[in-house]
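Read off the chains here:
There are 4 protein chains.
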Amino acid sequence: MASQQAKEKKQPNRISEYCAKIVDHKAFTTTIITFIIINAIVVGIETYPNVYQTYTSWFYYADITLLWIFTIEIAMRMIAARPTHSFFKSSWNWFDFLIVAAGHIFVGAHFITVLRILRVLRVLRAISVIPSLRKLVDALLLTIPALGNIMILMSIIFYIFAVTGTMLFADVAPEYFGNLQLSLLTLFQVVTLESWASGVMRPIFAEVAWSWIYFVLFILVGTFIVFNLFIGVIVSNVEKTNRDENDDEADMKNEVRELRKEIAELKNMMIKMNKS
Amino acid sequence: MASQQAKEKKQPNRISEYCAKIVDHKAFTTTIITFIIINAIVVGIETYPNVYQTYTSWFYYADITLLWIFTIEIAMRMIAARPTHSFFKSSWNWFDFLIVAAGHIFVGAHFITVLRILRVLRVLRAISVIPSLRKLVDALLLTIPALGNIMILMSIIFYIFAVTGTMLFADVAPEYFGNLQLSLLTLFQVVTLESWASGVMRPIFAEVAWSWIYFVLFILVGTFIVFNLFIGVIVSNVEKTNRDENDDEADMKNEVRELRKEIAELKNMMIKMNKS
Amino acid sequence: MASQQAKEKKQPNRISEYCAKIVDHKAFTTTIITFIIINAIVVGIETYPNVYQTYTSWFYYADITLLWIFTIEIAMRMIAARPTHSFFKSSWNWFDFLIVAAGHIFVGAHFITVLRILRVLRVLRAISVIPSLRKLVDALLLTIPALGNIMILMSIIFYIFAVTGTMLFADVAPEYFGNLQLSLLTLFQVVTLESWASGVMRPIFAEVAWSWIYFVLFILVGTFIVFNLFIGVIVSNVEKTNRDENDDEADMKNEVRELRKEIAELKNMMIKMNKS
Amino acid sequence: MASQQAKEKKQPNRISEYCAKIVDHKAFTTTIITFIIINAIVVGIETYPNVYQTYTSWFYYADITLLWIFTIEIAMRMIAARPTHSFFKSSWNWFDFLIVAAGHIFVGAHFITVLRILRVLRVLRAISVIPSLRKLVDALLLTIPALGNIMILMSIIFYIFAVTGTMLFADVAPEYFGNLQLSLLTLFQVVTLESWASGVMRPIFAEVAWSWIYFVLFILVGTFIVFNLFIGVIVSNVEKTNRDENDDEADMKNEVRELRKEIAELKNMMIKMNKS
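Just so you know, the sequences run in chain order U, H, W and A. Going by the working numbering, the first residue of the first sequence is number 7, and it counts up by one from there. Going by the working numbering, the first residue of the second sequence is number 7, and it counts up by one from there. Going by the working numbering, the first residue of the third sequence is number 7, and it counts up by one from there. Going by the working numbering, the first residue of the fourth sequence is number 7, and it counts up by one from there.
Read the hints as simulated data drawn from the structure, not as lab findings. Careful, some of the hints might be misleading.
Note that identical chains are pooled: a pair holds if it fits in a single copy or bridges any two copies.
In silico lysine-lysine, DSSO-like type, Cα no more than 30 Å apart, as pairs [stated by the list, open to error]:
hint, residue 1, residue 2
1, LYS27, LYS95
2, LYS267, LYS278
3, LYS267, LYS95
4, LYS32, LYS267
5, LYS273, LYS259
Just so we're clear, the structure is a prediction, and the values are computed from it rather than from any experiment.
Chain U with its partners taken away, still in its complex shape (with noise of 0.2 Å):
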């Protein structure tokens, strides 16, 4: 039982180890970078009309084989991995392989846009094949858990605003705070500060003496917890290294402790010695 299960397993690992080599081959990603700038230029060139209409089967003939291309990449990447459901363990693989599995569902559609889209999104993959891309936007991604709460706490802000800016300023601004989408819309404008005066307030602010209040009162709160959120990132990283350093403070303490002992001893010695 345990030999037929060890000669199972050894086949697949035949064709597996084979697989491995070659994924592992420095020119493997190399070549699959090539392939993805290519699928960037040819997305690129799409964007102009008379060239798209005129080669337009080209273009066609150009993504089928760029999709199939990915296709054998991610199979045999899949296959490299000992067993193969441990491709599924990394989030850049579910990425690599959804974006390419996309575009084989959509293949028939008629939704030409989506499937446009999909093929732009391909050159995303750019990151998942790069190590070092791979690792900056890993590091990016996990300062966001740190932000989480005061993420919620801007959501509350921004509810609250919208609702009363919604509730106050409907009627006499309805393209900025017409209903409660709208406003959610104008206060992101107004946080990132862009025509909040010029644009928003100051025609509200010619009808309703007193809205600047609810205006500045934003801006306040809202830059603060953003600036905040600049802050939190920042101490955060610079505590992070300092904690490096305390762990060889701590190091460093425990060998002065243990000199103590020894020094304590010595002189219990001593004292014996003494008596003796």
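Using the hints provided, position chains H, W and A relative to the given structure of chain U.
Then chains H, W and A, alone, in the frame of chain U:
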């Protein structure tokens, strides 16, 4: 006398203990958060006029129900607090109490807008109920007193520029510098760099050739102070983490000093031994 | 001779000591701050034309009174300073002196605007009178010299882009790049990112196809330098706090070295003992 | 053979040494800075058409004179460098050489604008001539390679959004998303937050209801990356100052370890003594 006092204390304690048990239960907080979210959804839907006009009475009863739920919640938390007046030692409890009390006070009033804003503000209670959010906001508010002096400085600069701006440009640009209040609002817009040139300065500059000095000076001074406000908070935070580290170091310094003392003792012992 | 000198010195000292007593009293500073606030309120009310035109003479007398109060204050602080000319060692005293002196010089002049601005500037004296504000401003001003080189660099970049901009766009956009001064003002607007695209670049871009290079390049270079100015101040501040810490560490290093020396001595003693 | 070589080397050395003496003299740098300032003033005055048209020939001779002065300066610095080709080891010298050489190459050309820009660029030589500015710019440029990965990431994000934007909005807003180049320029404008809502999004939003997703997503992703670029530089700078500190600590750790070894030796000696 003492036993009577103890008895008097005991009676309410039984109810208070019972309340404390309920209040401290996890499900209690979860329930309150659920009602706050329901409150948030209700005030959100209220902003859509067609929905609101169709179900006006429904919204009225929902509001009354929520108000009484929150009233009971706060009453229970007050009873749970021993002694009761200790409930008001926390400013968050004051906040909860006032928001709910105001709901009762204005319930019969005709200021519908005030009532509706009060209902929206109840969403803010999410901060006082969720401990991690309360901690975050406490931390944010704690950074404000450290900024006291820079705020006073900012106010002085704003006031001087507002008075000067009104004096100089009241006739040229009455909508921006027509009076002291308008000037202060305009300066707030300028310090956020929103349309300071295209909207505010350029039209004035077309008539008063030297007006650019006023604006460039204000932007340099204003952003410099805001920028230092930034730096101040960052550095004070980094310093704080460093201070903790320094405490560690001071500890170690003491240990090393102790070591020296012990070795000095050892030496003396040796010298004695040598002599003997 | 010496006694006569001592006598000469003694006489004014009695008045000077008396003044010093008054000047150093808490109530003195409080009084002056009160008068500065009154001055601030008076110049604020003056900006309302109807109030000002009705009570013109009242404002005139208020101003004269305040000017003489500040004159007496500074005279007393000058007398309190021993020797008197040491009063002018502090640049804050110079500032106080000049602001008040200018009030006397221009009192009869016809430049009403200059006079009024001088009255407003007296509010700035709040900074020199309140010690904590004076300390803050001193600290802010101290960060400026460290930025000297980056300021020179910024000026060179501004000048080169202003000359180039005038050369290239003077005919296309005379209101933005008509001459060197206008170009410098426009570049200041662009570096604050205010309407750089919608207001300044897009109209020029519509006529000169490659003009985007000029603007994108300037924004990249300009904001990069401003951003490094930021970083420079933050890092220099953090470094300063670290330097203090390093001093501590250097102390400890010396202590550990001393320890080693003492132990080496101990060892030598032991070796001697072993031999004997 | 060797003596002949030495002779050959000696002859130019005499001139080279003479040049080196002049070049290293303080007055040499001061003179060159003076001529750079004169050059800056000349190109500044040239931007005023009436002055330029009246004194065209004067400006021509001034330019020729300055060009030859800088040519002689660089020739001297080349001769002063031993061996001569070592002059080209510094990229600043390359910069100086190319700017001046280009002046000679284009002198007879008809591209007056190119020539004038070259004359303006000579003002940049102030950076290469003033040592403190050169050091500052070197330091600024050194921070760029550390940002390499984040720049690549930014380019990928920009490219994907530009292709998508062109696909989606080319017909709705041809002036902003008409083709790939325009889209990239528009995205650059959006990432600086300039008129992103009032100018770019609102008109598109009026026709395409879901277009806000595109803009809000791009701003969140774009500013998040720019913000991390910021943080990255700050933290890497703080880390660098901490690393120096850590070196110190590592030193001390070694010292403490040495101490332990010595005490262990002492102990062994004691044990031996005890036995004997």
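Tell me the numbers of any earlier hints that the structure contravenes, in ascending order.
3 and 4
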